[in-house]
Amino acid sequence: MNIAAQINSILAALVLLTAFGLLVQRRIYGLLHLFAWQGLFLSISTGLVGYVARQHHLYISSILTLALKVIVLPYILHTLIVRLKIHKEVETVVNIPTTMLMGIALVIFSYHLTAPIRELSTLVTRSTIAVALATVMLGLLMMITRRHAVTQIIGFLAMENGLFFAATSATYGMPLVVELGVGLDILIAAFIFGIFFFHIRETFDSLDVEQMARLKEEE
Amino acid sequence: MSISPFILAASAILIFLSIPLLVPLFLRHQRLLINISSLIAAIASLLAITAGVWTVWKGSTESYIMPLGLPDLPFHLRLDPLSGFFFTVIGLLGFSVSIYSIGYVKGFLSRRPVNRLIIFYNLFMAGMFMVIIADDAFFFLISWEIMAAASYFLVMFEDEKAENRKGAFIYILVAHVGAIAILLSFGVMASLATGFENFGGYTFDAMRQTEFPIKWATVAFLLAFLGFSAKAGVFPLHAWLPEAHPVAPSNVSALMSGVMLKTAIYGIVRVTFDIIKDFPWWWGVIVLIFGLLSAVMGVLYALMQHDLKRLLAYHSVENIGIILIGIGLAMTFTSFHLPVLAALAITAGLYHTLNHAMFKGLLFMGAGAVLHATRVRNMEEMGGLIHKMPWTAALFLIGCISISALPPFNGFVSEWLTFQAFLLSPSLPSPILKLIFPLAAALLALTAALAATCFVKAFGITFLGQWRGHHTHVHEASPSMRVGMILTAVSCLFLGVFPTMVISWMDIIPEKLVGGSLTTTAGQFGWLWLTPISHSRASYSAPLVFLIILAVVLLIYIFLHTRKTAIHRGPLWDCGFEKIDTRMQYTGTSFAMPIRRILGFIFLIKETVRIEASTGTPGHNTFPRSIHYRLRVRDRMWGWIYNPVADASFWIARKTGKLQQGRIQAYLVYSFVTIIILLVLL
Amino acid sequence: MNVFSPLFVMCLQFIAVLFAAPAFAGWVRMVKCWFQGRKSAGLFQPYRDIFKLLNKDVVLAENASWIFRFTPFLVFGTTVLAGVIIPILSIDLPLSATADAIALVALFTIARFFTALAGLDIGTAFGGMGSSREKTVASMSEPAMLMAIFTVSLVSQSTSISHMVNVIAHGEFVLRPSLAFALLAFILIALAETGRIPVDNPATHLELTMIHEAMILEYSGRHLALIEWAGMMKLFLFTTLGIALFFPWGIAAAGDITFLPVAILLLLIKLFFAGIGLVLIEIGLAKMRLFRIQEFLGSAFLFATLGLLSYFMLE
Amino acid sequence: MTLIILLGVSFFAAIVLAFVGDRRFAPEINILGSAATFIAGVGLAVHVYYEGPMIAGGNFFFVDAFNVYLTVLTAFVSMTTAIFSRRYMRREREHGRVSHWGMRFYHAMFQLFIFAMLLALLTNNIGVLWIAMELATLSTVLLVSLYRTPTAIEAAWKYFILCGVGIAQALFGTVLLYFAAEKVLGEGGEALLWTNLIQVSGQLEPTVLRLAFVFLMVGYGTKVGLVPLHNWLPDAHSEGPTPISAVLSGLLLNIALYALVRCKVLVDLSTGTNMAGNMMMGFGLLSILVASFSLLRRKDIKRLFAYSSIEHMGIATFAFGLGGPIATFGALLHMLVHSLTKSSIFFTVGHASQMHGTQEMSKIKGLIKGNPLVGWGLVFGVMAIVGMPPFGVFTSEFLILTATMKDAPLLAPLLLLGLGVAFAALFRRVQPMISGAVPSNQMPVKASHIPIILHMVLVLIIGIYMPNFLSEWFHTAVGLLK
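Protein chains in written order, with this note's numbering: chain A, 3 to 221; chain B, 516 to 1197; chain C, 832 to 1146; chain D, 84 to 565.
What the hints contain is simulated information worked out from the structure, not anything from laboratory work.
All values reported here derive from a predicted model rather than from experimental measurement.
Even glycine gets a Cβ: it sits at the ideal position worked out from N, Cα and C.
If a hint is listed, it holds; no wrong ones were tucked in.
Sample of chain A residues at the chain D side, in silico, Cβ under 10 angstroms:
no. : residue
1   : Leu115
2   : Ala172
3   : Tyr174
4   : Gly183
5   : Ile197
6   : Ile202
7   : Glu204
The following block holds chain A by itself, in its conformation from the complex (with noise of 0.2 angstroms):
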């Protein structure tokens, strides 16, 4: 196993790292540090396998990683949390250990699940598809375990890494058409959410979305 691939994994746990580390922090400002770090450590990986494949379309991937998962979306959610004021610890629906143990347990049914593909896999990447799969299940668990507007989009957001890192390293990266169009439609999504985050704050004064429940079928 070559050096590339033993950074790959590093990266791989790294990110795998991130995600649980968004599924526990309780500080807002942690979270997008993490999701930030997260968006990193994806890039890296991304530029990585690039570099190791030669798939030069995976740079512009990985670039395009950088721009948006690090500078962009942070930097909109940083704005938006300085402009809505949210300094308060984001409370949780269930306990943070209980959580953690839900995510361990995510992880290793994911290795599970992808077990044979791992064995179908030539890639020196094969070994981090369970990670982002994990990754994938992860941020899904954080956005049901969160009840912050801002924690669900964050939540969101890992999953879309997952999915990108589940790119890379299943497959050498989708073509760049895809990649584009991806990346274009989360850029959307990320405006469209600035705005709703306004929205609610307006009409719930509050970015809790415990409140958003009065659409139930009547009793």
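We have chain A already, so just place chains B, C and D on it with the hints.
Then chains B, C and D, alone, in the frame of chain A:
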């Protein structure tokens, strides 16, 4: 192209379909619209009658394919004697009712425009004919549902009344669920037929040529029977019928009760005898049992009603039962390969179909005339109408006699045939059936007797005695209405007096369906004697009965009236009290009391008596100021079947409602869990 | 001769039914009087009653409709028709094929149907009460009657009466439990149908007990005469029907007119005993409450059913 | 060429409208744009009808019998919706429910949405298909929250999050698909092209595809609105402006189902089993039952019909899962007639709720007397949607049910139950609304006739006389989806 029954039939349908187009032209002149559309409808019905009679006469079968529907599944049409017979039935009633409508529909003009009524009336007629002529599952169901939808809107005609909405809703619901059941049954048969994969299996022809494995045949039959009996109002699926028929305009109720239910009978006959063909004997017994149930329960519930049209509606349940008895017997005999007996039974069933169409149509038209005149449906508020509307009374009486199965009118003939079919049970191989059938016959007898009782009540309380109502300006029905009723009344008499002609006419049908026929036996003593099996077996000569009674009556009348003995009119004998008033008459409720008391366990009876003590004399109810007696007889089936089903579905609905409980986390959990489950199942 | 014999028999029977019926009614009354230790009005009193009523004027209630006036004639007509299809003296009645047993029951139903309507026509409480009760009884007795007839018709493979009688009279003689049960049922039903004690009391005009009388309470003059007469014929016919179905021996076979006198004689003897039997029943039993009648007729139905079952199980 | 027009028109219309904003003639431009799109779509259809399937834009676009009729349908319904929304939105604007910016936004996003859907339909690249789906979601999210009411924002937020998450799953599925494909087709864009995939589907790695389909199923299933992933749907439909509800259930669900079916074909071909089919049947049946029972206790008219959309998508999904020529034919037809009927129902519903100023059914009465077009439109729409002849929905349900009797007779009772309950629920609710006298709170409304009448007539024609080319298309499509 040369003129043929099929052309006539098709043109009749086309005319009916195109009458609604007249409505926009005459929006301003409603009376003109009514006259024209009704007349055209009558003409179209005449065409249909001709087509039907002709087809049965020739025993011909014509089939055409219309390039409509799906390109791979065009509409198949087929006019064979069976369809021809039902064409005749529907046409006959349609003709009289259309004429009746000229006068009747005008009664609405003072209250509302009648465009809707006219449009859907004709669509309804067209739908029924299309059902009869359809020869593939697709077109059959389309016509079936058009018929249902049109009649739904007709029941909804006076949609501001809550009872109309309720009735219409229950009706369309039962009808549609039934239709889906029929659809599934066709699905079974089509999927077994050849060429299903390329849309070939849906035609009845393809189904006819298929040998169904018994298991699937049974599934198909049960589904079809379920669906059709939902439409026919077979007990216990009858509950929609007494809700929907009374609230519809009376010309419509006449059609719904008189012929629409018969399309379901047609469906049963078509599916069992024509498409599936060979079946085990217990199918017949099932049909028989449900027939008996409907007959007895129908008449018993009818006896308890004091709403005239409701009473008639329950009698439709009864008569459908009698028809099904005939069909069921025929099925049993067929399954034991006794073609002649089967022919007798099915003739009885079909003949009663025809008869019921006639007299039930007549009765509903009469009831319509009464409603038209008195503005009430409750018999307890009528009485003495025979003086105010003699024509309607006489015609209604004919209807009553016919439906009570009294010679020499038509109801008796078909029931007599059914009895004969019953009494042939000893020739069945199965001992138990031999033994059960005569008992079933006794139940039929009970039904007939109760029906007679019920119509003594209906006619007596409504037309005889003294007027109990409030307003006095009660008028006789308009000429066109009378003509409509007279037509059916005459046909009742004709069908009762000359059964041999009719039976030899329709003899081709049993020959085609069950391979046996009655002509060999029925006709041999000439048109005078109806001898279904053999002369020594049983015989009935309606003409003679009619003539002898007539002769004797006339003779005595003349004999007694040659002598001048005056007839004095005097007051009633009032037992020495002061003048008795109309409130002291026997009411429908009190008339039915003995039977209600004897068979009370069948009904859901709620009796309440409220006594207002006369003030002053403390505590003495000996001479109360007033006594209020209230009686509610409800159908047990509501409590046993319908309400539980409704409650159950609402319970489930409440549970599914919980799924949508507002919190987004929960929804995310759903998708999360879904993924996990699917991945685990993988 | 043979050509005319059927017609001759028919006329004979017609006259017999028409004019022997009152005599039989009178006979029953006479016997009853004797048993009750009263002096009887004689065998011919019914004739005198009918004749007198025929000559009396008719008083109609104000709002009596044509139905009320038409009913007596119709009742009479149907009863006469019934009279010419039940073989009493000889089997080959040409008109016997007009209506079989089922139609016969239906004929009586017509009469009852119209009588009940007439009862309602006036609009008094009594008439309605009478019709209501009458129809209630009828709706229970008619099925039982048909059951009894079915039993006989299953035995004789036919529902045409003359054929039934023929089979039983001239077929080989076997003791049939089914027929015994049928007879029992038939007697009970006949009592109910002809309005005798214990179901109804033809002699009473006590409001609360009468059934048939309540319906015809408003009749008078010739209308009443016709109805009374028809009632007597009905009694006579039911008796002879019972005789013909269950004790037909001695009835004239098809074609031999010479046997007729014997047949007549035998019939008279049978009627003689039938009348006595009827009276015995009537004085032996008490009038029932209305709501006991369904039990009475229920048992009739039960007997008929037993007859049926025993036909299938024992024969 | 037609393709470029087809996609270009709506794209540029979107930009133009973004600039035109709330001018008086904005709705007309909107109509013009979608009309042009429709004409282009018809042109494309004619071309395909005569020339057969075509690949254009360097393998980027692919048009066959399956997606061409959906393209025409999408263009058509969006055109009629544009016509409808002219009067509808104008009234909303007058009543001040929509702001100046709102109108600008509405028109622009409407066109963008159409563009996204057409792109999703026409593209040959599964990745691009995914992008288009996401774009379709994003473009409608803010339309759902157009009214800015708390409930509207909540609904939009749920729509955004749930569909976002769902679509993310779908992307993961797509990645796996690509992973399997590049083994066979090698690196690069070729490996995501449907045309290539379908050719090599036999060689694709079954285990991967099975895994992929789970994610695709959940992902696209969320957008189809299959139970239990449906929760966004009633909210989004009930809170957004009615034209959007119409296109959401009339079109967007179809597109999602289209994507799902494309994937299903691949997976089943590669696994050689009916695993994907069975999964779809399961989801379909569950959706039918849950939706039809949920219909029973609704009070909000738009929620009612939202659930009915879930039910019908369930039917179509079930039928696709069932497979077999008849069922597939029925499913294709069902997609068509359902979107026609349902959108016309939403038109009438929109007018009805405008007339009464509420979406509560208990307050809506006497429609037929009040406004015959709306009243009868609603009646016939509902009769059509519950599957009464002679409307087209009956035809499709007829085929589907009969096919069920052949292939899965044991499931037929459940279908019977579901359809029966749905029928009862809808009629029970609709009957009081149409019938009776005009209530006091009813105000007149200028209903837009053309869309309603047009849709109902089309559904009727399809029901009693289906044109030949349509059934030929369906047959070819059936061939494709074997």
